[in-house]
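Chain A is already provided as a structure; the job is to place chain B on it using the hints.
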Amino acid sequence: MKHPVAIIGSGQTNHCSRRLDVNAPELTNEAVQAACQDADIDIDEIDALVVGNMEHFEGIHLSDLWVTEGTGGIKKPQLKVATGGTTGSSLAQAAYYLVAGGLFKNVLAVGWERLSDSEGETTTGIVTAFDPIYERPTLAGAVSGLAILACQYQQQYHTTPEEAAEVVVQARKNAQLNPHAHLTKEVTIEEVVSSPMLSSPIRYLDMCPTSDGACALLFTSDPKKRNCAWVKGVSSCHNHTYLGDVVNGAADFKQTLTIAAQNAYQQAGIKDPRKEFDVVEMYDPCTWSAFAWSEALGLADPGKGSTIWTSGASKLDGELPINPSGGVLCTNPIGATGLIRVAEASLQIRKKAGDRQVKDPKLALTTGFGGSFWNEVMILGENR
Amino acid sequence: MTAVAILGATQTKHSKSRSDANYMELAFEVVTKLLEETGVKHSEIDTVITASSDFWDGRTISDIAVQDAVGAAGKSASKVSMDGAFSLVYASARISSGAFKNCLVVGHGKASEGQARKIANAAFDPHYQRPLGIDDHGALGLQARAYLQEKNLSPEMLAETAAQSAHCYAKNPYSHRTTNWTSEAIQKSQLIADPLHELEIAPDSDGACAMLLCNEKEAQKRETSSIWLDGFGFATDVHSLGDRHLGKPSILSQVSQQAFRRAGVQDYREIDIAEVHDASSAQTLMWKEDMGLQNHSHLLWNPSGGAMGAQPGFATGLVRVAEVYQRLKKGAARTGLAHGMTGFVGQAHCVWVLRRR
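The listed protein sequences correspond, in order, to chains A and B. With the working numbering applied, the first sequence covers 2 to 385. With the working numbering applied, the second sequence covers 198 to 554.
Here chain A stands alone, though its shape is the one from the complex (with noise of 0.2 angstroms):
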């Protein structure tokens, strides 16, 4: 009944803060091509598309039928599927079950963002995703919701800023070896906790950008004889809509990652995911997000999270190196972030990941993140 389900082809821009050189069907564009060159596959040959996009932010409507004819869908079966910050996870995981489901053969997911000259701009648009009445006069766009998660954090666990700017740290480290990345300028823990406060506790550099960029990622049931990496696991779970529903602190935010990781574990037959992961692409939007989810994954115990990163066992040559591609925190095209961790993660196992690359991952753990607790597991490895 169910079809197994490998990655073949990676394709991502070299995502930066103005393509202004660009469209949108432009940009969707040059990551297609680069994904079917890296599957050394035709466009014909693709069955079937998912892309995603979040409209409100752009200011284009059904922005999807517009990129139709820089995504290669002209005439082709394509869904749109745009649900936040976990766009691009959801994208990942559309695509999976329309392989897996037997529906179609190759089906390539594409994700973009592109607000520097849209009508759109991120904050004005994820503000509208709060209630109108209740909480929409309060509240103030992603940044918000993540530092009342990181208070709730830093109460419980008395984490310093020091230790959360250690995530950046290194990210931008990583992010130097890798050709796509936004920011990849190194900053040091001073700066960090000294750049302007956001939402106390986050701060600017605790915080991710906002990018434009595209990423595709092509799924299919029948590799060949293509380096590829397979998907082992699968899983989601959103809870809250209101902010006002989080009673029980950080519990409340690891509550949804933790039953999508261990409904994937279950999945991929992970039983010490510490021990067996071999590389993770975490969705982490802001320094502190980065313990909180570590800890939900279970490769570290309540409050420990910021250890992995202390003791340097999260860098690149660490013992789980974690966002080698240097994260959400160096990168964020909305639309593709989530479906960039899947994309790296890829890379990752089909030994592609050039500078960047993880000696001999043969299982690599992936999430996404985004509103109502929004969490997205996929896992990949060597091995179908």
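Treat the hints loosely; a few may be bogus.
[Claimed, not checked] Simulated pairs of lysine-lysine, DSSO-like, Cα-Cα distance not exceeding 30 angstroms:
(1) K445/B <-> K3/A
(2) K445/B <-> K76/A
(3) K298/B <-> K106/A
(4) K3/A <-> K298/B
(5) K363/A <-> K106/A
(6) K106/A <-> K238/B
(7) K418/B <-> K76/A
(8) K76/A <-> K276/A
(9) K76/A <-> K186/A
(10) K3/A <-> K238/B
(11) K272/A <-> K298/B
(12) K352/A <-> K174/A
(13) K3/A <-> K272/A
(14) K315/B <-> K76/A
(15) K418/B <-> K3/A
[To be verified] Some chain B residues well away from chain A (every beta-carbon gap over 10 angstroms; in silico):
(16) K213
(17) L339
(18) P352
By construction, these hints were calculated from the structure, which means they are not laboratory data. Since the structure is predicted, the reported quantities are computational estimates derived from the model, not experimental observations. C-beta atoms are modelled at their ideal positions from N, C-alpha and C, and glycine is treated no differently.
Showing chain B alone in chain A's frame:
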């Protein structure tokens, strides 16, 4: 794709304005009714796919707004930002993969809370076409004129077709429009976008639709015969209006052929009933021809009145499937076709073939 059946389908009575409910409450209404009718509990629903539009809802990540209403909290769920008919593809994939034994699909639209024409304008090419002020009605007008010219038909044909739709939707208890308009009255209605009058264009409605799909094992637990989603087809055409001839056959031809092939339909006469999303009475005619059904003399065509009776945003195509489902279930027919669209003048089409077995 493995066998996927429909366990139940519900819809609201669509209307010009549901001032008594926000769209979460519309979704909750249809889901509650669906659970009552099917006897399935929330806890028994494995996964949920919703169909919603961020622009229409004025709410980014519009699926989050309805997640409590559809019972998606704590579950694996996702969304298709297209008409509900397309959501059924993703829902079927989730079931076919074996990961989920059933899937709830919910679509909603609340046109009364938005400025429909302005929203539609925002979907046109941002550099070249949007500044012209074109919207979906303008595009429908262009399409209708191109079609009349292509087929050498008089505009009266549009009114007559709209009157046939009115005859049907006047009998449909869920319809937004309820009057059995004559073609004379239709021609006297306000000219919106030449040659289309108001009553020759589908209305902007508030409404929702919910559907529960399941795998073969779950369907077989029920004693009655089931309604099966036997085949699908969907595709997206070029975006820019000038790049396709609006009066000639659309990509619906290719899409319906795909659905027939997947469903093993050998001859178009096997289709007993068809429900299509006709955004104008020109489309009521065009879509029939595009699917090669124009010579099908005993075809039950848009018995609900189609979208000309009610057009609740992204729920519209899902309602078409629900209408076919209900009629097959009652035994009125054995094989049905349901159609949905996304994008102005039908840039993307989706067709489903359903059978009772």
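Discussion item. Hint compliance check: list the failing hint numbers for this structure, sorted ascending.
Written reply: 1, 6, 7, 8, 9
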